[in-house]
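Model the full structure from these sequences, guided by the hints.
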Amino acid sequence: MSAPLVVANLVVAGSGTGVAIVDDVSFELDAGQVLGLVGESGSGKTTLGLALLGYARSGTLIASGRIFIGETEVTSSSTGVRGKLITYIPQSPASALNPVLRLHTQLLECVVAGEENPESIIDQVLREVALPTDRQFLRRYPHQLSGGQQQRIAIAMAFIARPDVIVLDEPTTGLDVTTQRQVLETIRRLVKDHQVSAVYISHDVAVVAELVDKVMVLYSGKVVEYGEATEVFRQPKHPYARRLIAAVPDLAGNRSPVGILGGAPSPFTRPPGCAFHPRCDIAVDECQTRTPELVQLSHGHFVRCPRTGITPPALTSEKAALLTRDDSVALSVRSVSVSYGKHTVLQDIDLDLVGGQCTALLGESGSGKTTLARAIAGLQPRSSGSVIFDGADLAPGVRERKKEQLRKIQYIFQNPYESINPRRTIQETLIASYQFLCGKPKNSQELIAEALDSVSLRRESANRYPDQLSGGERQRVAIARALIVNPEILICDEITSSLDVSVQASIVELLQRLQRERKLTLLFVTHNIALVRHIAQDVAILESGHVVERASIADIFAFPKHPYTQRLIADAPSFDPARGVA
Amino acid sequence: MLKMIGRRLLLSVVIVWVVTSIVFLATQALPGDAAKAILGREATPDRLAQLRQQLGTGKPVLEQYYSWINKLVHGNFGTSLASNQPVWTYLKPLILNSLTLMLIAAVVSASIGLLLGVLTAAKRDSWLDHFTTVVTLVLAALPEFVIGVTLTWLFSTGVFHWLPAIYAGAPGQSAWRSPTQLVLPAMTLVIAVTPYLARMLRGTLIEVLETDYVQHARLKGLPERVVMVRHAIPNALGPVIQVLALQFAWLAGGVIIVEYLFRFPGIGTAVANSVATRDLPVTQALAVFFALFYVTVNLLADLLTLVLNPRVRTAS
Amino acid sequence: TQAASPTPGGTLRVGVTGGSSKDSLDAHSPTSDPDIARAISLNSSLATYDTNHKLVMALASSIKPNKNATEWTITLRSGLKFSDGSPLTSADVIATFSRIVTQKKDGAESLQGIDFTKTVAVDDRTVKVILTASDSTFVDAMAYYANGIVPANYDPTNPVGAGPFKFKSFTAGQQSEFERNPFYFVAGQPYVDSLILIDFGDDTSRVNALLSGQVDAIDGLPSAQAPIIKASGSYKVLESRTGGWIPFTMRVDRAPFNDVRVRQALRLLVDRGQMVRQVLGGHGTIGNDMYAPFDACYPSKLPQRKLDVAKAKALLKAAGKSNLKIELVTAPIAAGAVEAATVFAQEAKAGGVTVKIKKLDTNAFWNNYLKWDFAESFWFTRDFLPQTAAGSLPTSPYNETHWANAKFISLVGKAKQTSDQKTRCSLIQQAMTIEYNTGGNIIWGFPNQLDAYSTKVQGLVPDKSGIPLTSFGFQKVWLTK
Amino acid sequence: MPVAFRSLRMKIGVGLAGLVVLLAIFGPSVAPHDPQEFVTMPFAPPGHLLRFGGDYLGRDVLSQFLFGGRQILLMSVIAALVGVGLGAILGIFAGFRGGRFDEFIMRSGDVVLAFPQVLLALLFISVTGPNLTVVVFLVAVGHAPRVARVMRGATLSVSERDYVKSAMALGMPTWRIVAQEILPNVSGPLAVEVGLRLTYSIGLISALNFLGLGTQPPTPDWGLMINDNRIALTIQPWPVLLPVIAIALLTIGMNLISDALARASAGLDRQVNA
Ligand SMILES: Nc1ncnc2c1ncn2[C@@H]1O[C@H](COP(=O)(O)OP(=O)(O)OP(=O)(O)O)[C@@H](O)[C@H]1O
Ligand SMILES: Nc1ncnc2c1ncn2[C@@H]1O[C@H](COP(=O)(O)OP(=O)(O)OP(=O)(O)O)[C@@H](O)[C@H]1O
Ligand SMILES: [Mg+2]
Ligand SMILES: [Mg+2]
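Residue numbers (my numbering), protein chains in the order written: chain A, 1 to 582; chain B, 1 to 316; chain C, 1 to 481; chain D, 1 to 274.
Heads up, some of the hints might be wrong.
[Unchecked claim] List time: in silico DSBU-like cross-link candidates among lysine-lysine, alpha-carbon distance up to 35 Å:
(1) B:K71 <-> C:K168
(2) A:K519 <-> D:K165
(3) A:K403 <-> D:K165
(4) A:K84 <-> B:K123
(5) A:K342 <-> D:K11
(6) D:K165 <-> B:K3
(7) B:K71 <-> B:K92
(8) A:K342 <-> B:K3
(9) B:K92 <-> C:K54
(10) A:K440 <-> D:K165
[Said to hold, decoys possible] Ranges between beta-carbon positions, derived for each pair:
(11) D:S157 <-> A:E460: 50 to 56 Å
(12) D:I235 <-> B:W162: 17 to 23 Å
(13) B:V18 <-> C:T132: 56 to 62 Å
(14) A:H104 <-> D:G153: 52 to 58 Å
(15) B:Y65 <-> C:K306: 58 to 64 Å
(16) A:A554 <-> D:E160: 37 to 43 Å
(17) A:P271 <-> D:R176: 37 to 43 Å
(18) A:H104 <-> D:R176: 50 to 56 Å
(19) B:V18 <-> A:R458: 56 to 62 Å
(20) A:G253 <-> D:G153: 45 to 51 Å
None of these hints come from the bench; they were simulated from the model. Heads up, the beta-carbon is just placed ideally off N, CA and C, and yes, glycines get one too.
Written out as structure tokens, the structure is:
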């Protein structure tokens, strides 16, 4: 009997252009084995995952290749395969569950036709994913569940049919660490109990490392490295895989994450030759013209790079040199409370930002991090309390603040895809901000050049529109927009969470440099505990509207006091390539 | 949700009140009075004075407004100046006729529109889709009087002689009783409305068909028919209902021209007549009717949308 | 070829132009076409006009004046009955006259001269009418369709009359249904059992109704449709020469029309042939700026006025009105009215006159009726003296041109009191000549009345009155099977 | 934008609408006759001298047609621009400011919408008499609340974007945020609305002319032509057909253009070549 899942030379292409989105992918998977599929956003992970079910999104088509599940071939029209032999857990269950249908209806649809007792199957699977099984619960609509519950419903739907193969597309993205841990455990258990083969898609290397047996690294639609997880994570051979792994922040704090400059190309802007060569530190001229083949280095370990033998230059990160600590407080928050209507979101918050330091504000989704940051910036009216800056109480709303105060405190938003006006060039965006707060610039050319330089953007970017830039570049523009007015305090609200790890790492490096050079005071809002260690000097932990713990970085990891903090640290997936899989 | 519905109801009442008040005041501003309009050419000063006295026009506006509102609250629309009947007696059969026509048009066009919309969305980019797109585009571009004139020529006077060209049902007799005479007016309205519905539904459905939950339903291995009926259509109905409502509210206006073309005794005839004869009580009653119709249709659409949306329905 | 003898029975359905919710059944105040059709169908006057616009007796067997026309003796036919079977007597005649005058009905002006204190019913069939002044045209008032005889206890919401049909149902602006009046004074008539009048606001839908067989006859066929109707085997066109007219009316008391040279110039700028051709599609006869063409005394010897741009320009120049700019008020008050205004505006350009058209809805038009400086009007066929009484004397209710020529007034007054046909004609011709030379009307033509009917309808013949469908003479109509 | 112009829809749309607009603009200079001149019998059928025959007064149909587009197009354009302008301003501010202001604007819109436009037109026209300004004004006022709804929706989603918040964080005044941050980003739906409202304007104005409330004779006008010559549609269809075809082509063209714009702003056609 052949392996449960066999994929041979799979190609998915854009139906109009014929450009390959997923190019020539082959692999095999045994029962009970988990394959991790990693790569940056846009590398084709979802496309590949869907293709395994014989499905192509509109605008794309499966151009060639064959897929077998056991003896059965998967084609786009084969019935009785999709949803039966192979099932899918979607990237975002919130949008993948039909909002107008009850859970029961949606679960029932997954039961294979002809089953004797569908209710008992549903019952059993719900138990397995630790969800209630009563009627009342099943009569609910998706919006009546929490994000974690929605995700578990999606998992249950995939297991109801008792498939041979499951494709999981980033099933934990967007969940907080504790829920993520539970979900991962559920998946692991189910895979083992039912001996299914699983394809686990994620851009979060740390999560993948916890779960998988094999790993496949995709770059711009092509497999660049494929092999046993332990081997790939410990000794990545492809320069991209190596850099990708080095970019993952390490919870233990043994090494700093190192970013990759630039962004991953989309299939339509893919450079000739090796698609990675523009970002590669060991590329030679040949890489620009010749597309390398996937070759087997050792048994079951494949790499698509002709220069695997070369020893790469050591990765240096600008290790945060210990700053001299002066304990002057730049801004202090005193018993601030904020509520939305009757619902109080923040309660009596006290917080000090020490001058020239980076203070991290850590907490789970919904704990009120953004609300606090916005209240400081004057975007969110507070119901009580004060924010002291420069010896004066800042007015609650931006409209009442003086221009000088506005200039000194700058706010950077989470999502670089939304925070820059798409209808203006970068230059216009930067100038508009400067002009409003500091008046007409004397030499705008120079000003722009300086601002772009400070965030390591090429000067040509000035005349581009945001959609001509990658996510990382956009976030740099957003930072430049804040820096151009020469602020004293930067409030960064999750500015790296919508970016790929490789980009995240380089933004963190940038912030560190700026902090040092400009003596900036930072408030760094994040839910990523591993990242905190690499950027901040102080931490405040926020739990449902209360600051539960405030400490220095060293202290918080060594001696977390509050049980909530302890749980956060325990649940965070830790990734240490030296140890390989956790 | 009850609170929401209550709020909507209250707002609707306010809107009707504002509209009717404006109409009342606006109609008072009309130059010339009913007496002159009724007498037309024969309006010699003697006769005018006599008729004016008979009609009781010429009191202060506020006084008239107050007594009008007062009567209105008690369901009394006053007496038509032109026909000297109670307004409601005069308007009731006309309103019923128009509602009959609009209801037929609404039901037929909604069914055809929905069917076409679903078919074209399901078979996107097929020849059926392209053909329907072109046809609906052209039909939507034709003014309804052109459609009406063409239909009459085609089915009644020119090519075929299948259907009556105009409505000549006995007055007072419900329009239901003369079904063949309803065909052409209804068909005209249907052709004027359906293209919008079909195009709108197609657009919304295509959007819905691109959503993650539809994709997921397909990945569950559900047949396309089930995906469409169970997953896609219910989600497309929300926005479509709003458009349906707007289109049906539009019918109230479109019916005026269609009634004129087919000599259909309905509110369109009443509107033209009452304005021409300065029959203020009738004009005002009609404005109340139109505002009520608009508000009711929209209210129903809003409620339906609310009911279709479990998020709102389940909110306590 | 008409069938030899009328066959009784059947329902006649007629499409009539116009109608609105203000329509009524009142025998004495018809305003719209459907009103007139109803008044004529439900009522009879004492006299009437035949199809050649000759006066003939109807309910009366004779109407005789005394020497100086101050006293008229009306003798009714014998055995007259109203549609409810009650007898029609001389008392009803007097009651009718009094109703019309006291309630200021449409015919009030024509009966204004009656001295009710002296007028008496001599017996059941004889009325002696005493006038306050001598009036040789009194008999014309007796033939007016809006002066039908009604019972003394007349109720217009449930009307009883002496017309060929009796009332069954009526919905204003929509349709009216009547049945044969068994007591109608002409034996055997009407032939049809019932009559349905359907109101139409729109020309096209009226024609469509005929073409799709929903009505048997329509009035007011648009001239453009005539060729098709003629060509088809199943429908016929009824074309009648009439003395109806659609004048341009200039107020002779207002500048610039108070200058006779301006009036004359504008009359000379009209290309009458072109007007009849473009406005009426040729279905009409050209006018000579005088009304009442069927009057026995009409001065046909006066030269036909022709287009003369040079002379018009000279007149305008003499009046100091070169490059005259005037506004012409029009409304769809009659078929062809707006079209005539449009054509005139174009023709006037030749004389350097700019005519700006102001098109109103009919309602707005009547609202300021008689006040417009330069507007349009329409009239049915009338003889000269009744016409002047209605519209050309300072005392007339509809003196659109505000015409108050002293000579004219005295000539008309004399003619009215003259019974001798020849003397009267000479007076009338003198008055008409004044109108011809200096009047305020531009009478460019007399449109033919075009109606259409299905070939199964018999008995409709051309009629000079200008009232459609043989003066709505449905009593003479029968249907072939 | 450039993407929008590349689509086939856009090309056909611009072609059709452009053709009609050019016809309306340059028609008068190529017309064979004075549109007012009486050159034939009323409703004369097409012959070798008069390509499309005569109208109800015996004027040249082709010349009438060539002269008759300017006014209705001009009126429609003005009505559409005024209506969309007004609606956009109200809608954007309502969406951005929210709260009571929003509620007030939207409910006032409901009041206007609850008026049937034709009744409104009949009432107004009987006060003022046929008056082009009033017609344009009425049509524009009818558009405004519909446009406001759409623009409010678009604004709501845009003003949630962080770049608007970022401008707010700088303390920029409302008008400046609206002009610089919101307006450029709702230009897609705005363009769609202009196209859509233009089409509706043409339909509505020709319907008002059809009811005799609009343009005055003898001005050549497509709406009037349809109305005046309708009676002889079966005998001499051209004076009705030509303007109907022109209006239909324009409408189809505008529909295609707004379709293409809508697709472009929704990113549907961007697909695989971005
Ligand atoms: N329907 C489509 N038509 C054309 N191109 C598409 C389509 N869907 C995706 N693509 C392109 O294919 C590439 C791969 O997309 P895919 O969704 O598979 O990426 P991914 O690796 O899952 O990214 P992410 O981590 O963001 O989910 C992207 O560059 C995307 O632009
Ligand atoms: N506009 C709003 N109206 C009402 N409640 C809100 C609003 N914005 C946020 N909230 C609520 O306030 C709480 C805190 O939200 P906030 O956005 O500050 O969380 P967060 O810690 O930033 O979460 P995340 O990590 O998901 O960004 C949440 O419960 C959220 O539901
Ligand atoms: Mg993906
Ligand atoms: Mg947040």
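query = Which of the listed hints are broken here?
reply = Structure breaks hints 5, 9, 11, 14.
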